[in-house]
Structure formats: C-alpha cells, structure tokens
Amino acid sequence: MRWAQVLGVGVGAASLLGLGILLGHFAIPKGADPPAPSTSGQDLDLEVLETVMQQLEAGRIRDNLRELAREPHLATSPRDEALVQLLLQRWRDPESGLDAAEASQHEVLLSFPSPERPNRVAVVNPNGDTLFSCSQSEENVTGEQGGPDVVPPYAAYAPPGTPQGLLVYANRGTEEDFKLLQTQNITLQGTIALTRFGGAGRGAKAVNAARYGVAGVLVYTDPADVNDGQSSPNQTFPHSWRLPPSGVERGSYFKYFGDPLTPYLPASPSSFRLDPASAPGFPPIPVQPIGFQDAKVLLCHLEGPSAPAAWQGALGCDYKLGPGFRPGDNFTANSQVNLSVHNSLELRNSSNVLGIIRGAVEPDRYVLYGNHRDSWVHGAVDPSSGTAVLLELSRVLGTLLKKGTWRPRRSIVFASWGAEEFGLIGSTEFTEELFSKLQERAVAYINVDISVFANATLRAQGTPPVQGVIFSAAKQVKVPGPGDLSVYDNWIRYFNRSSPAYGLVPSLGSLGAGSDYAPFIHFLGISSMDIAYTYDRSKTSARIYPTYHTAFDTFGYVDTFVDPGFSSHQAVARTAGSVLLRLSDSLFLPLNVSDYSETLRGFLQAAQRDLGTLLQQHNISLEPLVTAVQKFEQAAAALEQRISALQKGSPEPLQVRMLNDQLMLLERTFLNPRAFPEERYYSHVLWAPRTGSVATFPGLANACSKANGTGAGSEAWAQAQQQLSIVVAALEGAAATLRPVADL
Numbered sequence: 047m048r049w050a051q052v053l054g055v056g057v058g059a060a061s062l063l064g065l066g067i068l069l070g071h072f073a074i075p076k077g078a079d080p081p082a083p084s085t086s087g088q089d090l091d092l093e094v095l096e097t098v099m100q101q102l103e104a105g106r107i108r109d110n111l112r113e114l115a116r117e118p119h120l121a122t123s124p125r126d127e128a129l130v131q132l133l134l135q136r137w138r139d140p141e142s143g144l145d146a147a148e149a150s151q152h153e154v155l156l157s158f159p160s161p162e163r164p165n166r167v168a169v170v171n172p173n174g175d176t177l178f179s180c181s182q183s184e185e186n187v188t189g190e191q192g193g194p195d196v197v198p199p200y201a202a203y204a205p206p207g208t209p210q211g212l213l214v215y216a217n218r219g220t221e222e223d224f225k226l227l228q229t230q231n232i233t234l235q236g237t238i239a240l241t242r243f244g245g246a247g248r249g250a251k252a253v254n255a256a257r258y259g260v261a262g263v264l265v266y267t268d269p270a271d272v273n274d275g276q277s278s279p280n281q282t283f284p285h286s287w288r289l290p291p292s293g294v295e296r297g298s299y300f301k302y303f304g305d306p307l308t309p310y311l312p313a314s315p316s317s318f319r320l321d322p323a324s325a326p327g328f329p330p331i332p333v334q335p336i337g338f339q340d341a342k343v344l345l346c347h348l349e350g351p352s353a354p355a356a357w358q359g360a361l362g363c364d365y366k367l368g369p370g371f372r373p374g375d376n377f378t379a380n381s382q383v384n385l386s387v388h389n390s391l392e393l394r395n396s397s398n399v400l401g402i403i404r405g406a407v408e409p410d411r412y413v414l415y416g417n418h419r420d421s422w423v424h425g426a427v428d429p430s431s432g433t434a435v436l437l438e439l440s441r442v443l444g445t446l447l448k449k450g451t452w453r454p455r456r457s458i459v460f461a462s463w464g465a466e467e468f469g470l471i472g473s474t475e476f477t478e479e480l481f482s483k484l485q486e487r488a489v490a491y492i493n494v495d496i497s498v499f500a501n502a503t504l505r506a507q508g509t510p511p512v513q514g515v516i517f518s519a520a521k522q523v524k525v526p527g528p529g530d531l532s533v534y535d536n537w538i539r540y541f542n543r544s545s546p547a548y549g550l551v552p553s554l555g556s557l558g559a560g561s562d563y564a565p566f567i568h569f570l571g572i573s574s575m576d577i578a579y580t581y582d583r584s585k586t587s588a589r590i591y592p593t594y595h596t597a598f599d600t601f602g603y604v605d606t607f608v609d610p611g612f613s614s615h616q617a618v619a620r621t622a623g624s625v626l627l628r629l630s631d632s633l634f635l636p637l638n639v640s641d642y643s644e645t646l647r648g649f650l651q652a653a654q655r656d657l658g659t660l661l662q663q664h665n666i667s668l669e670p671l672v673t674a675v676q677k678f679e680q681a682a683a684a685l686e687q688r689i690s691a692l693q694k695g696s697p698e699p700l701q702v703r704m705l706n707d708q709l710m711l712l713e714r715t716f717l718n719p720r721a722f723p724e725e726r727y728y729s730h731v732l733w734a735p736r737t738g739s740v741a742t743f744p745g746l747a748n749a750c751s752k753a754n755g756t757g758a759g760s761e762a763w764a765q766a767q768q769q770l771s772i773v774v775a776a777l778e779g780a781a782a783t784l785r786p787v788a789d790l
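Note that the working numbering has the sequence shown beginning at 47, numbered continuously upward.
Don't take every hint at face value.
To be verified - BS3-like mimics (lysine-lysine), calculated; alpha carbons at most 25 Å apart, straight line:
| id | residue 1 | residue 2 |
| --- | --- | --- |
| 1 | 585 | 301 |
| 2 | 752 | 225 |
| 3 | 342 | 225 |
| 4 | 585 | 524 |
For the record, the hints were derived by calculation from the structure and aren't laboratory data.
Using the sequences and the hints given, assemble the complete structure.
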C-alpha cells in the first residue's frame, strides 16, 4: 500500500524550522518597521476600524472567489498547491502584503478512490447479472462536473471490499435505528444498509451498522433534508439552489480529527506512526455515497414493512424496510446489492500557509484568524467563500501596514489550513507542533470557514467570553440591503435567547468539531469562534446548503443563488474584521469572563433538576459543585470590576498585561486530559460530546447516563463521582486564575 512509502525526511525538518523562525520572528524588534503606537497604553483606534470597514470591497471578494473556485482543489492536488503559491504571493505583495508569509508541510495519511477501479454499486441477480447500476459520477449540468480533476463521489477512509447482500433501509444509521430494525425481526447479518445523511456522523453510520452484522453501507441525501422535498431536474440546480438528483455528498468517514497515524504528535517524517492496519477510527466496513436519483430506485423497490413515519422522505414512494426487493421492474425477490469499494490510503504532503502581522506592543500575543483551503471539488461555498473573505481582509490590513499608518498592538496570524476535509488535519497538526507556544501566547482563534451559507442573517458560534466582542462588532456593521438595520439587530430577529444579565440577545451557538476551531478549543483551551452568514430557517428545512460537498458547489452557484452581489460576504468580512481588530488592538482584551457565569449557572441548574435526586440516592452530593460555581461567579465579577476601575484611569503597562493574561488564560483552566479518556483531543470539561440527555457538564451527564440502572457502589457510579470532582476542580482552578495575581 502507498501509505508505506517514505516521502522524504527533509520535509518535516524544514517545516519545523520554518514555523519556528516565523513565529519566533514576532518577538524580535525591527528598526525599519512602520511607526508603532506612541504609548503602550494606546487603545483601539475607532477611526482605523472604520477605515478598514469601508475598504472591504464586495467586488474584490467576488473576484477572489472566482479565482479560488475556478478549478477543483482536493487536498494535496496540483491545484491545491497552486493556491498555496497564490496565498504566498498575496501575503508577500510589496503594496498590500504582511510582515512575513511561509508555507509548511506535514506528511499525512489521506484516502482516495482508485482511478483504475472505480467504486461501484449495482443490483445483481443470483447469476451475477447486473440489473441496475448506480451512477459513478454526477450529471454534468454546467460543464464543470465532468472534468478530469473532479474526484468521483466516495467515502474517504472507507476500507476496500466487495460485500454483497440483501438491501435494508436503516434511516439515518443511528444505533437506535438499527435497534428498531431488530425489533421488527429484520435480519441484518450480511445485509447492505441504505442510510441517509444526518442524525449520526458519517463514520458513526458504518460503526453502528457493523455492530449489527451489516456488511456494507450506502449513504444518500434525501431531498426532504436539503431540498424541502423538491427533486425534479427543473426544480434543482442550475434552475435553483437545490441539489440535483445526481448530487452526492463526499466526506471523511474517519472518527477523529488530525492525521490518523500520528495522534498528539506533529506529522513529520520522523514521527512515530501507528500501523494503519490496526489504527483506530477507520470505518470497519465498506461505505459508498450515492445520489438520491439512484437511492430512489433502490428504496422505492424495497419490500417488507413500511418504515415509521419519521423515517419517510421525499422520494415519492412509501419507504419500506426490506430486506430485499419486491419482484417487478427487472428486480427479483432474491436480487442483492453488490458494493465494490477500491479506496486506498496514501501518505501525502499537505501544506499550511501562515501570514504574519507583528504586534507593536505585545508581539508575543497572537490573535489567530483561520480558514481551510482544500475542497472536495470546486468548493465555492466550502471553503472558498471563507478564503475569499480572508484574502480581502488581509489585503486591507496589509495595505495599511505597508503605508505605515497602522500596526496592531498584538500580532495577527492569518492561516490557510490544508486537508481540513479529511478531518481538520492541517489545523490539528499546527496545534500539535506548536502546542506549548500557542497555549502560552494565543489570545483567541477566529474561524471563518464557510463565510456564507445563504444571505439572511449572521450565525456565530463560540465560547462565552467571545460573545461580547462579536455582539460589539455586529452592532457596528450595517446589514446588507436598504435601511440602517445593523447585523446585530437583524441577527436577533432570527436567532435569539433570553439572558438573565442582558435580556433578549442573539443566540451564540456552542462549538463542536465541524471545522478548524476544534483543536484550538478542545485541545488547547483557546477562546474560539466561528462566524458565517446563513439562511432563514423559517423558509427552508435544509440541514445545510444543498450542494454541500458536491460538484455543484461552484462560483456560478454562489454568484446566482447564494449571495448575488456578495453583500453578505462583505458583511461577514466586516464583522469578522471588526472582531479581529478589537482583539488585536484593544488595550484590555474584550473577553468577558463573566459571561461564563451564565453558562455555569445553567449547567448547575440542569444538574440539580435532572440529576440531583439520582445522585443523592448514590450518596453523591452536588454541594461542592454549587460552591465552585459561586466561587467562579464572585471571582469573575471582581475581575470585571478591577478592569472597569483601571479603564477609568491610566493603568501601568504591567497591570494591563497581568489582567489580560488572566482573561486569555481562563479558557485553559477548564482543560483536564483525564476528563474524557475515551475521546481523542477532547479535554475541555465544559465542551465535549455529550451522550447523556441532560444539558449539563458533559462528563457528569455522560457518566450518570452510563451509571443509571447499575447497583449502588458500582464502578459506574464511582466514575460519576470522579467526573463531578473533575468539574469542581476545574471551576475552582478557574476562579483562582481570575483572582488578583498576588493572591496565591
């Protein structure tokens, strides 16, 4: 297998050296720099902020996107590497470039379909004769879906194999779905399961299926889930933004994020690597995605009992469960589905690109702004809409920098990550490689991956301390279109919640593992956020924009349907740019630690309400948790008061530095590598996968869910007690971090 080939020991060494030089460059004073702020006490310059807002041009963002999405740029492909050079050229431009720009490579394990033996899904009779074949490519509706660089639909990291068996319909492939099939006395052993996207992660569908003896999995996108039920060719792209019948969602089926073979280690040629044959996280059985036009043929010919109402979709027939097909239309009762997958694993060199603006006062404090570069095909929305914004924002800031009219207080790091689509690989390798430096010096991470899903409203996710700075930025930016409504006021119309402290405010979503913010928040404990524009959920039930990860995600699709005029892209650039400047230029970091108090209080109340009685029955008291939350609330309020008092005077630089470090380091105090031993990279005790149904501290919720029904004194209840102690210790450590630094 090609993964065993060694691609050169010099690559990793050069990568490490380059990154070390680049980030070490921050702390070295340069005599030829443009003028720095006159005093270390200078605060955010609102005139500069307004200048940046006005100079961000929608037309330039459109031009960027046209170039970025001109050709498919799968990770490590020639076009992907050509975009690396484009970024370096822009960031080294003598009139609009940055202080420094470098590319580094990591040697990572990727998965590709075989060009010689295409993956195939067919219905065959007992003699092996083919009765029906699923399409191996998407329809070439705009002349862009049939090029030689368009990778055929496939499930990355799905193992090769040629299973054959009767077809069953398993809804979304959750464990509960397979359990329901069992209760219907449907034999699953040796079958091929047809599932639809959503409900469970891609890889989880295969894991769940294999647990019940299923031999292979097919996955399709139901038009009920992305097209509001519309499915005919004249109702879909290129006539609307909806997914055409042949559209197939590609994606990674690897369970974890980061390079599969070097967990917790940077993927350099010299690093220890797991054996791919035994490395965890790969799908256990072959998987292949198909279009809903082919899924309709399979699903609408199934026999067996009708699927539950919640399992029905929009393919125009009654969904049956199987197993097997009903006779007719060339199918026979004993027809089976043959699945042939020929994917292979390969070690490839994938590039990250970093662009640096060195801070004038605190060059060793980094505000990071990132977006991945690679796409499954043309990737106009995902990720090039984000990269188009990144390039425009860096152009405007670079121009001010080169003119000598501005330099931020703190250093800004622009990042273009490689191989994100295969599992957040580039960003994860970066955090592994620079773990200590980033934990000591990184202020926050701003992620703008898909910048525009649609053009209705802002959508932001993040940890509580970044809520205030996003709100401030959104209030400053005018919403696209006529009138004077702000992005903030428009946002609150679509997504809002009632806050005990502020009243009605926009809803800030929490961070999972859907993009490159994941290693920063879960692994490093760096305050993080994700910013985008999205659609009006009252007008569509689409789980994501319809052409996601397909060959129909093109520049024309964005230009015609997603954001004509690119005003929403401009609004995102202005909002994210305002956040970036506020974090890099404000005297005191605009991270409101008191906003964590509301989250902690909500988690505590949920634990008391839904778990308190159960825990008491096993002699586990929540009182230590109550006390810990109170300590945090008091310490956070006191810190905010100290900052407020200093803002009214002329604080000493060291006072500012100490308080900013408290704000910056708070998120790190919630890390405990023992909190989730069964998970890779997850160590933040407040944000982790929650398997329990109670919306509280995830480790406690998961432990109680697992222990419920076991006897008193069981190991499971001991684990619940341990999880409670882990949370209490984290909260007490957080409170201690917020108290005056002279108070040990």
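For the pair supplied as a hint, residue 585 and residue 301, confirm whether the alpha-carbon distance does not exceed 25 Å. violated, 33 Å
Restraint check for residue 585 with residue 524, where alpha carbons must lie at most 25 Å apart: Holds: residue 585 and residue 524 sit about 23 Å apart, inside 25 Å.
Pairwise hint evaluation, residue 225 against residue 752, where the allowed Cα distance is 25 Å at most: Between residue 752 and residue 225 the Cα gap is close to 18 Å, so the pair holds against 25 Å.
Within 25 Å, alpha carbon to alpha carbon, are residue 342 and residue 225? Distance of about 24 Å is within 25 Å: holds.
The structure does not agree with numbered hint 1 stated previously, though it agrees with all others.
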